[in-house]
Structure formats: C-alpha cells, structure tokens
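All chains, please: the whole structure from these sequences, using the hints.
The lines below spell out each chain.
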Amino acid sequence: MKRHNRKLLTVVTEAAVESILIKEMESLGALGYTITSARGKGRRGARHAEWMPNSNIRVEIVCDAFTAEAIIKHLHEHYYAHYAMIVLCADVEELRPDSD
Amino acid sequence: MKRHNRKLLTVVTEAAVESILIKEMESLGALGYTITSARGKGRRGARHAEWMPNSNIRVEIVCDAFTAEAIIKHLHEHYYAHYAMIVLCADVEELRPDSD
Amino acid sequence: MKRHNRKLLTVVTEAAVESILIKEMESLGALGYTITSARGKGRRGARHAEWMPNSNIRVEIVCDAFTAEAIIKHLHEHYYAHYAMIVLCADVEELRPDSD
Amino acid sequence: MIEPVVLFFLMGIVAGALRSELRLPGAVYEFVIILLLLAIGLKGGVELARQELTVVLPQMLAVVAMGAFLSLAAFPVLRGLGRLSRADAASVAAHYGSVSVGTYAVAVSYYTNRGIPFEEHMPLLLALLEIPAIVVGIVLARGFSLGIRVKSVAREVLLSKGIVLLLGGLLIGWIAGEDGIRSITPLFFDLFKGVLALFLLEMGLITAAQLGSLRKHGVFLILFGIAMPLFSALVGTALGLWLGLSVGGTAMLGTLAASASYIAVPAAMRISVPEANPTLSLAASLGVTFPFNVIVGIPIYHGLAANAHLLWGGA
Amino acid sequence: MIEPVVLFFLMGIVAGALRSELRLPGAVYEFVIILLLLAIGLKGGVELARQELTVVLPQMLAVVAMGAFLSLAAFPVLRGLGRLSRADAASVAAHYGSVSVGTYAVAVSYYTNRGIPFEEHMPLLLALLEIPAIVVGIVLARGFSLGIRVKSVAREVLLSKGIVLLLGGLLIGWIAGEDGIRSITPLFFDLFKGVLALFLLEMGLITAAQLGSLRKHGVFLILFGIAMPLFSALVGTALGLWLGLSVGGTAMLGTLAASASYIAVPAAMRISVPEANPTLSLAASLGVTFPFNVIVGIPIYHGLAANAHLLWGGA
Amino acid sequence: MIEPVVLFFLMGIVAGALRSELRLPGAVYEFVIILLLLAIGLKGGVELARQELTVVLPQMLAVVAMGAFLSLAAFPVLRGLGRLSRADAASVAAHYGSVSVGTYAVAVSYYTNRGIPFEEHMPLLLALLEIPAIVVGIVLARGFSLGIRVKSVAREVLLSKGIVLLLGGLLIGWIAGEDGIRSITPLFFDLFKGVLALFLLEMGLITAAQLGSLRKHGVFLILFGIAMPLFSALVGTALGLWLGLSVGGTAMLGTLAASASYIAVPAAMRISVPEANPTLSLAASLGVTFPFNVIVGIPIYHGLAANAHLLWGGA
Ligand SMILES: Nc1ncnc2c1ncn2[C@@H]1O[C@H](COP(=O)(O)O)[C@@H](O)[C@H]1O
Ligand SMILES: Nc1ncnc2c1ncn2[C@@H]1O[C@H](COP(=O)(O)O)[C@@H](O)[C@H]1O
Ligand SMILES: Nc1ncnc2c1ncn2[C@@H]1O[C@H](COP(=O)(O)O)[C@@H](O)[C@H]1O
Ligand code: NA
Ligand code: NA
Ligand code: NA
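If you read the protein sequences in the order shown, they are chains Z, R, D, B, X and H. The working numbering applies: residue 1 is where the first sequence begins, and numbers increase by one. The working numbering applies: residue 1 is where the second sequence begins, and numbers increase by one. The working numbering applies: residue 1 is where the third sequence begins, and numbers increase by one. The working numbering applies: residue 1 is where the fourth sequence begins, and numbers increase by one. The working numbering applies: residue 1 is where the fifth sequence begins, and numbers increase by one. The working numbering applies: residue 1 is where the sixth sequence begins, and numbers increase by one.
Think of the hints as simulated: they come from the structure by calculation, not from any bench. The reader is advised that the hints may include incorrect statements.
As the list claims (entries may be wrong) - Derived lysine-lysine pairs resembling BS3-like cross-links, with alpha carbons at most 27 angstroms apart:
| no. | chain 1 | residue 1 | chain 2 | residue 2 |
| --- | --- | --- | --- | --- |
| 1 | D | K41 | X | K216 |
| 2 | D | K41 | Z | K73 |
| 3 | Z | K23 | Z | K73 |
| 4 | D | K23 | D | K41 |
| 5 | D | K2 | R | K73 |
| 6 | Z | K73 | R | K2 |
| 7 | Z | K41 | Z | K23 |
In structure tokens form, the structure reads like this:
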C-alpha cells in the first residue's frame, strides 16, 4: 500500500452551484470529489433550509498541491465575491494500492 | 488570496442539542459553522436512527486557536459528562480573499 | 481536559458494504465511527444516486496509529480491488475528559 | 379480534427483533407523523366548534391538573421502589404524566371501527396534556431554581412540531368547519388508517430496538411500565366520569392518562435534565407501555369506562 | 370566506414567525411539489387534447411575449424608483415576468371550489411563461454578450424538475386521455387539495423566514411586491380578453401574470447573474407577492376578469 | 394501447436521456417501494387465506426449482457466448433467475385493467423466487466452499426490506382477511396505480442512467437481455400450465420468470461476489430487460399463456 501526500480541499458553498462547480473542478484537474448535503451559517447569514436556494453542500477534493492551487485560484476569482463559500485546505495521506 | 492558519473543530454529538449548542458556540466567538446529519457509534452505544432521540449531528467550526480553546472548555464543562459526544481538533488553512 | 494524538481515517465507499464494513472495523479495534451519506465521483465513475447500488457513505474512524494501520491493511486486502473506495489518513487531536 | 393496524406494529417488532434492515426513511416517518397530527387536530377542531366554552374550559383545567398529578404520583415510586436517581426518576415521571399521540391514534381507530362515539375535541386535551408533566419533571429534578435553559425548553415544547401541528389543525378545523375541510378529506381522513399502519410499523421497529436496553435495566421498569398505565387509566376514568364525559370519552381520557410520551418529553428532558439517562425512560415508555397500551390496554380501558358508567354513570 | 387551504398558509406563517421548529422534511416538500406539478400537467394535458392547435398556438406566442414584456416593464421601475443595481433590478424583473406554480394551484382550488370553469390547458401556458423572463433577465444584466454559463442555464431551466414534470404530465394526459388516467386519479386528483394544503403550510414557513430580510430592504420592495402584480394582472386580463378566453381563463391568465417565480428563476439567476443579491428577489416574490396573491390577489383578479368581460367581453 | 402507467416510465427515460435534473428524493423512492410491496403482499395474503395448502405447497416447490434452473441455464450461455468471467457470469445469471417486483406490479396493473383474473397468491411465489437464484449465483462463483460472508448474505436477503415487506404484508392480509384490511384500502389499494406511476417514473430515470454503460458492454448484453426473458417466459408458461394455473396465473408465472432482479440480487452479489462488475448486470437487467418486459414483454407473455392454454390447457 502506498501513501501519497495530498491536499484535502473542503469547500462549503451554495447547493445551487453544485453541477457547475463540479464541472469546473474536473476541468482544473480534480480526479474525484465527495459531496454531502449540509446546513450552516457564516458571513452571509444562516443557510439552514433543505429548501434549495438556502441549502449548502460540502465538497471534498483530494488532489496534489498543484491542482489545489489551481482550484483555489479559480474559486477566488469566480465564486468568492458573490457566493456563500468557505474554503479549507489541509494535508492528508491518501492510501492507494501499490499498483496505482 | 490570503491563507490563515485556523483550528478546525469537529464535534459529533446528539441531534437533540443542535439549536442550543449553536447558540452557545456563537456566543463563545464562532463566526460560522457547518452541520451535517450523521449516524455512528461510540462509548454510549450505537446512534443509528434518523429518529430524533437516537440521531447524531456532525458540527464543524473553523476558528482561531483562542476561540477553539473556549469552545473546548465549554463543551468539557457542560456536555461531555452527559451527552454522547466526540470532539476533534485539527490544523487547517482557511482561504480568504485579500480584502478580508 | 486531555488531548490525545490520534489518527482520523476517512473512508468513502459504496453504501452497500456499510454493515459488513462496520463489523470488520470494530473487530479490528475501532471503538467508534461516524457515518454520513455522500455522493461523489472517482476512478470508478460517478456515484450520484441516493439509489442504493449507486450511493456512497463517508465513514470516519478516530483511533490510534496501530489500529489505523490494521484497518488500512484490511481495506487494502479485502476492498480496494473490487469496491469504489478512497481512504484518507490525517493527524488529529481528540479531546477527552481527564478521567478517560 | 386484534385491531388490523396493530398487526403492523407486531410485524415491526418481529422484523426489528430479527434485525431486519427494514426502516422507514426519516423523512417518511416525519411525513406520516405530520399527516396523523394534522388529521387528529382537524377532526378535533371541527368538533370543538360545536362545544360550549363553558363545557370545555373546566375539562382543560382538570386535565392539566391530572398531568401534573400523575407525574407527582410516579416520582416517589420510581425513587423508592425503583431506586432511580433523582434526575432519572423525574424524567421517567415526566414521560408518564404526559401523553402519546400514537396511542391516541390507535384508540381513535379502535373506537371508530366499533362505532363507539367519543368527545371529538379530545385532541385539545391531548395537546394540553403534553405540558404540565414536563414542567413538573424539571422542577422535580432541579427544584425551583430553573436555569436559563428551562425557559428555552418551555418555548421549544410549546413550539415543537407536535404541538404546533395539533393546535394548528384544531384551529383550522375550528375556523373552516366540516364543509370547509371537505376538500382535504381524501388525504387527511380517508388515508388515516393506512398512514397509521405505516406509523405503527415503524413504531414496532423502534420498539424492538428498545428491548435490548430493557433487558439491562431489569424487571422494575417492566413492572412499572405496566402498573403505571393501569393506575393512570383509573385516574383518567374517574376524572372522565366526574367531568360527565360519555363512555367513549371516559375511555379516551383513561387511555390518554395511561399513555406515556416518547417524542416531546424525551426531547425536553434531554436538554433540561441532561444527567437523566434517556435510554431508561424510552425503554419503559416505548419498550413496555406503548406496546402494552396498543395491544391490550385500549380494550381494558374501554371495559373500565363501560363498567364505571354502569356503576356510577349518569343517564 | 377565505379558501380553507389558505388557512394552512397562515398557519405556516404564524408558526414560522414564532420560530417554531416545524418544517416539512426536504424530501417530503419535493414529493408534494412533484405531486402538484404532475397533477396540474395531467389535467392540462387531458384538456389540451380537446383544443385545436390553431387556437392554442396564438395563445402560446402571446403569453411568451407577455412574459418578456412584464420583465422589461419592471426593470426601469426597479432601477429608477428602487435604485437597485443593474444586476439586482434584472434579477427581480425576471422573477416578476415569470410565474409561480403554487399560486396557480391555489387559483385552481379557488375556481373549482366555486364551480367556475376555465381553459384547462392553462398549464401549457404556465410552463411556457417560465422561460422568456429568464432570458430577458440575463440579457438585462449582461447585455447580449452571453457567456458560457448562459447556455447551460438555458438547458438547466428547460430540463429543470418543474418544467419536465409539467410538460411530462401534459404529454401523458394528452396521450392517455381522460379514460387512460382514470386509474391514477385517486393519487393525483383526489388528494390534490390535501397535498396543496401541505405545500402551503411549508410555503408559510418559508415565507416567514423571508420577513426578516424584508425589513432590511425597506419599504420599496413591499410596495413593488404589491403594485407589480396588480399591474401584471391588468396586462394578463387584457391579454385574456383579447385572446377570447372565458371569464375563468381570463382570470387565470391575470393570476399567472401577477404571480412571481420563487423556484425556477432564483436558481437560474443565482448561476447566471451571481452578483445579484438573491435575498432581495426572494423577499419580494416570496415575502410579499406570494402571500398577497394567495390571500387577496386571486379574488381581486377574479373580479377584474368578471368586470372586464362585462364591459368589453363577447357573448 | 400502451398501459398509461408505462407512459411515466417512458417520460423518465426521456427526461433521463436528456440529462434533466429530475429525480425522486431517495426517501420518496423508498416510500413508493414500501407502499407497493405492502400492497402486493396484503392483496396476496387475503387471497392466500382462500387457498388450500395442498395446492400452494407444490407450487412453492416448483417455483424454487424454476429459479435455480433459470440461473443454471443462463450461466453457460454467459460464459460461452458472452465470454464473461466466472464471477460476472454467475452474477448476471443470479439476476435472471430471480424476479423483479416492479415488473410484477406493472403486470398486475395490466391484468386488472383488462379484467383478467389470476391466482392472487402470486406474491408468495414472488417472494420465494428471490432466494434460489442468489444461492445458485454464489455457488457458481465460489463453489461450495462458502465463506463467512455468505452466511450473512443469506440472512440479509431473507431479512431485506423487500422480502420482509412482502411476507409481512402477506401475513397481515392472511390474518386480517378482506374485512380486516378494508380500512387501509384507500392508502394501499386505491392509490396503487398512482404510486406505481411514480415508481415507474423513477425507474425510467434510473434506466436512462444505465444506457451509457450498456453502450460500453456491447451487443451481447442487449441480445441476452431480450432473449433470456423470452426463454424464461416459455419455461414459466410451461410450468404454469403443468401446475394447472389459470390463463392469467400462467401469464403471471411467465412474467415472473422473465423478469430480472435489480434490487435484492445486486445488493447480495455486491457483498458475496465483489469481483463481479455490478454495472454489467444492472445494464442488462435494468437497461434492457426491465424496459423490454414492461413495454412489450407483458402483452407477449399474456399471448403466450393464452395460446398455450388453447393448445394444451384443461377446461
Ligand atoms: N467559521 C466557519 N466554520 C465552519 N463553517 C463555516 C464557517 N463560516 C462559514 N461556514 C460555512 O460556509 C457557508 C458559507 O459561508 P459564508 O460565505 O461565510 O456565509 C456557511 O453557510 C457555513 O456552512
Ligand atoms: N472513535 C470514533 N471515531 C469516529 N466517531 C466516533 C468515535 N467515537 C464516537 N464517535 C462519534 O461520536 C458519537 C458520540 O460518541 P460517544 O459519546 O462515544 O458515544 C458517536 O455516536 C459517533 O458518531
Ligand atoms: N480525488 C477524490 N477526492 C474526493 N473524493 C474522492 C476522490 N476520488 C474518489 N473519491 C470518493 O470516493 C468514491 C470512490 O472512489 P473511486 O473508487 O475512485 O471511484 C467516489 O465516489 C468519491 O466519493
Ligand atoms: Na400519561
Ligand atoms: Na408574473
Ligand atoms: Na427471472
């Protein structure tokens, strides 16, 4: 089993952008993502509803540092100003079979 | 884009306390939080139901080290003894536009 | 309040294996786990449905390094080849009351 | 013959005991509860419009007193015979002074199947009965020095889903009247028993999950979970007689008294008396008293009311 | 007398304003919407099969033009009187040029309760009306240099749940006819008003949540949220008269014109005009216009159509 | 004429193929399945109470043998002609030896619409048919050295939601009888076809998602997905004739034989034969066989049974 040092990006943002956001992440080099439905509160107020315009998603992307930078840059330029969004970046080990 | 070193607190606990817990976190200085519904098992047994008295929430709070300490202390004093609860603390980078 | 250095394993995999996976984790020494329902995409394609054969779970296990190794080994041997699965490992502080 | 809807409860218990993966999705279970509560409220509201306030008001007061009394009566037994801690005894007592809407719904099904009439404004009393026991429970556990949390607990109970749906339904039924709600009859009334069947299926599965923790807490809880509703039913029956209710109404009040909460009170106690062990009260109220009431209790309370009316009842 | 289903809306508003924890689970709310949209579509499809294409086609074109016109008319008012930014004005304008299925459903309930007939292929016009206002809104905000996102927005709206269910229902009703859909009548038609009641309950809760943000955005939004639907209703009534619709049909077109979107348009605007503040449009359309239409608007538009027909209508 | 409910299936396929965002929420889809399974079980149970055990028992045994036989017959074809790996062939074979409740439900709708009677205890045979093919599939993949997991797989299948609801419904219907379940008729029977329509809508969406993976796996799967049910229907028809079933009952058994599992078997195979590619079996059973059966298969199997009865049938 190989261990790879990766970046784990966690993005909490509006459910409305899910499908577009995913397409953009993939075109920036993300090979996968995991999404859960979430609720929360931040600078843009409470987003507690399961009702679409007011619900959040929590997206996790495991990728290399380079892709992480590209995604962060993209989010900064296209989302931060207008969407409820928080972006976190952490170090994580990904375990892959030796063959990968 | 600025990077801020933050603490990421992850609290898994009983769904019953959600609204009170949130109010307390905010009064202790948390500027936001993200919640997902969860199921799980720990010292207090399995909490697998979507049925209220037996369901969990997973709360994430991104904050500075000082606020993290205050929240941890509060949880320790008011929740740990009587509620199903696990509290994790990790280092994380939060990405904010330069203006923030 | 004591701080313990732990490993946080995050496993995203097929919902179909939930009950078996949990039993195996526990027999390998995990004292607890937290599960949320998730959707996502990876090498094995998109798993977006809430419809069972195509839905994911996101399992978190907080444990010591030794147990983490055992679980990683087990997943490698019994799951990686045939199931949609990603395994992450990170360092995390668990906060426990002093009595524990 | 056993009520057909109760067969769904038994099916749930058996499936749960066999560890089947069967489960109503959380959203569906909530949907079912919402339909039941609104239906019960609407029906009650339509009938309430036909009652005099001078008749209903004394019933309301009497019923609040009964809820408080039942909790106070249970507490010393739980402390003395059951050797429960102060917090645990207070919490269990609160559960038994309060009521269970599910039990009421099964009783409604039982009485309508048999064509036995009862005072249909009962849902108003049902909603009222949720409150006093919670207050008594908190005071028993904490004394009168109620902390900050207690205020928000009172708010939360009054504004909890259950109470809002019941009272909202009552109000709408009361304002709209029988004609007004005719167009929503197919959803709320025609489907009532089918929806109740689904509810009882899930209750059976939840009950089965309690049986494990019941084993741990021993024989006292089982005895209490059977004896307490029988005692409460006596109190409720006496009160019904004294208030001049019909046989059906008396039996209903007995049933309400005998039922124990498993939704509103657990939530309130969890927040206001955290040191009380929630599995204890749920094991008793869900694992013993709910099945007891639903399977054998309701016919017993019916017999009780019928006999009481024969012996002491008016014309 | 107020429509009984509207009482559920008021109950939701009151419960929401009191900060009750009552809420339909997300899955149940979606279920309710799916049932309403399919029912409306199916009913419309059955009737559509009875219409001549030569009658319907001009109506379709006229209605598309009306949607675009209403958005264009709203925009300068929002910019000038309301002093909204270009993006915000465009977004709000798009909301008001489009339609609300919920308002239509309440109107259906209102007219069927009173036995007033209307052109039942209306759902086709309803589906059409969702589109032009969105296009106009994007062009108003962005000019004609539509970026990449706009294409996918157009796709998303056309293939959004709402449109697909409405059009799918229309097609099935059209193909299967009255006899063909008889066997699914109990679910889609008999339960319609009950399901509508649940929908309105949740809408009340959602509306109450908008009242807070309404306070922030001041008096202009409230005035606009009442004046705009009145103006739109006049336009819709005139158009209905000109198209030769019945009194009921004219009133329905007035109601559609008066209604403002709160599902399809917010989603589309969020993606294509991100700098528009979504709480602004929702506060107006959900916090003001929806309650206004549902509680007092529908009877007003009915009166409008009846009087218009008296004055200028044909035989 | 096409069954009206099948139009919902086509609507789902079209919406899915166009990549509409339409989807039943997971909880609603489960709700729909729960209602269908309970309804089918209840109906079957009521009828079962009217049957002699001496008639039913041989049918049960025969049907179990048929399930095993169909899997065994499919396996060499899949290995030989299809060149599938051992695990894949075993898994696909298990899917085709088992049954689809959804197909059965559409057949029920087809026959009741046409007033054709059939042996209504069929749901018992349906539940039984789920099991043998799974066992055969595991043995084909693993040989007789069944590992630890296999035991829990057997448990899980027997206690899976589908089987528990079918058998539970059967038992309740059997105990309560026609009168007993009358009060729950509105939910379970009156709404049956509407609920089936929703189910088929979602099945269409799921099927559309399989069409992509079908393209990858080439022409063999498509041919197999059509030829296998035709062969199985012949076997089922012959067995029905031999068991002395009515025309309707024979056609039903043919339909059951022809149907392929897409819920219970995929789950069981995923756990017990992990190296089998799940998209392969689902592409065949959901992407080809389910639509084939629902759209054209059921009428074909009806014709088959009618002709067989003409040629060889008794009085
Ligand atoms: N400090 C925080 N901790 C955890 N989650 C947060 C925090 N701030 C914001 N979020 C999440 O990110 C979403 C959007 O944040 P914002 O743009 O700040 O409103 C919120 O609805 C929360 O779910
Ligand atoms: N070791 C663990 N790893 C992951 N989650 C845990 C762990 N222990 C407890 N939890 C979560 O925290 C909840 C409460 O824990 P406890 O108080 O230990 O019962 C459980 O229901 C789990 O969801
Ligand atoms: N790079 C990634 N980042 C985040 N989640 C991932 C990633 N790759 C895979 N996943 C998750 O793990 C599941 C199984 O992955 P796979 O086996 O690669 O198809 C996917 O459905 C995703 O939910
Ligand atoms: Na009681
Ligand atoms: Na409009
Ligand atoms: Na088969």
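Status of each hint after checking the structure:
Restraint check: the Cα-Cα separation between K41(D) and K216(X) comes to about 41 angstroms, which exceeds 27 angstroms; the hinted pair is violated. Under the criterion of a C-alpha separation no larger than 27 angstroms, the hint pairing K41(D) with K73(Z) is consistent with the structure, at around 22 angstroms. At roughly 16 angstroms between alpha-carbon atoms, K23(Z) and K73(Z) fall within 27 angstroms of each other, so this suggested pair holds. Pair hint K23(D) plus K41(D) holds up; C-alpha atoms about 26 angstroms apart against a cutoff of 27 angstroms.
Note on K2(D) and K73(R): the hinted pairing holds, with a Cα-Cα distance of about 11 angstroms set against a maximum of 27 angstroms. At roughly 11 angstroms between alpha-carbon atoms, K73(Z) and K2(R) fall within 27 angstroms of each other, so this suggested pair holds. The suggested pairing of K41(Z) with K23(Z) holds, with an alpha-carbon distance near 26 angstroms, which does not exceed 27 angstroms.
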